[in-house]
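Each chain, written out:
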Amino acid sequence: GAVVSQHPSWVICKSGTSVKIECRSLDFQATTMFWYRQFPKQSLMLMATSNEGSKATYEQGVEKDKFLINHASLTLSTLTVTSAHPEDSSFYICSARSRNEQYFGPGTRLTVT
Amino acid sequence: AQSVTQLDSHVSVSEGTPVLLRCNYSSSYSPSLFWYVQHPNKGLQLLLKYTSAATLVKGINGFEAEFKKSETSFHLTKPSAHMSDAAEYFCVVSAPASGAGNKLTFGGGTRVLVKP
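Residue numbers (the numbering used here), protein chains in the order written: chain A, 554 to 666; chain B, 125 to 240.
Here chain A is said to cover these stretches of chain B; the calculated rule only asks that three of the stretch's residues, wherever they fall, bring their Cβ under 8 Å from a Cβ of chain A:
1. 157-169
2. 228-234
Straight-line C-alpha distance at most 25 Å; calculated DSS-like pairs for lysine-lysine:
3. B/K227 / A/K617
4. B/K192 / B/K173
5. A/K619 / B/K227
6. A/K617 / A/K567
7. B/K227 / B/K192
8. B/K239 / B/K166
9. A/K608 / A/K573
10. A/K594 / A/K567
11. A/K619 / A/K608
12. A/K567 / B/K166
13. A/K617 / A/K573
14. B/K173 / A/K594
15. B/K227 / B/K182
16. A/K573 / B/K166
17. B/K239 / A/K594
18. A/K594 / B/K166
19. A/K608 / B/K227
20. B/K173 / B/K227
21. A/K619 / A/K573
22. A/K594 / B/K227
23. A/K573 / A/K594
24. B/K193 / B/K173
25. B/K227 / B/K166
26. B/K193 / B/K182
Since the hints were derived computationally from the structure, they do not count as laboratory data. Cβ coordinates follow ideal geometry from the N, Cα and C atoms, glycine included.
Turn these sequences into a full structure, and let the hints steer you where they fit.
So this is what it looks like as structure tokens:
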């Protein structure tokens with residue numbers, strides 16, 4: 554149980570375009586989901602906390618207009634990277650909370666050319 | 125405020141020998157502590173967690189960690205390394221954050237290399 558999926562697993566896009574990443578909790582409902590970014594050989598940095606039915610809470614230094622988060626249902630949160638640039642290339646990982654424990658998705662590798 | 129320091133960015137061991145990954149934390153609250161493993165281009169897998177019960181915590185794949193409050197440490201050990209243990213390991217502390225339930229703070233990670 555407690556499986557979190559992400560789609561796509563990897564994506565390549567051109568600079569200036571937008572990319573949407575989906576995070577789904579497959580066998581449980583998650584009122585809270587989290588989005589992390591991980592640069593090569595670095596740790597995970599929390600970008601934002603997504604609460605179902607309300608606006609996301611962004612960490613300091615994360616542009617909310619660039620990284621749009623929508624948590625429309627108890628099993629789905631989406632992260633849209635708008636007007637992507639090469640410096641946005643990273644590994645994006647979501648996690649979903651269930652009963653005070655967080656379960657992580659497999660990650661999405663974004664490459665912006 | 126909370127923070128996590130993993131004292132070694134890289135650890136190299138021979139297969140069959142013990143593994144020690146060091147982690148120190150600071151937290152204003154009684155924390156929960158976790159160790160996660162990440163294989164290349166994969167998500168995170170929970171190895172074990174401490175949540176104020178027994179101070180010696182046993183996890184999956186033969187790993188265990190000991191919570192020492194006096195030393196603010198939560199070191200991860202395994203008696204005998206296997207080639208499949210080669211991965212990145214993260215020590216994580218969880219403590220209350222206003223308006224968002226518990227918030228996870230990640231250490232910098234320790235990359236484990238296992239030599240045959």
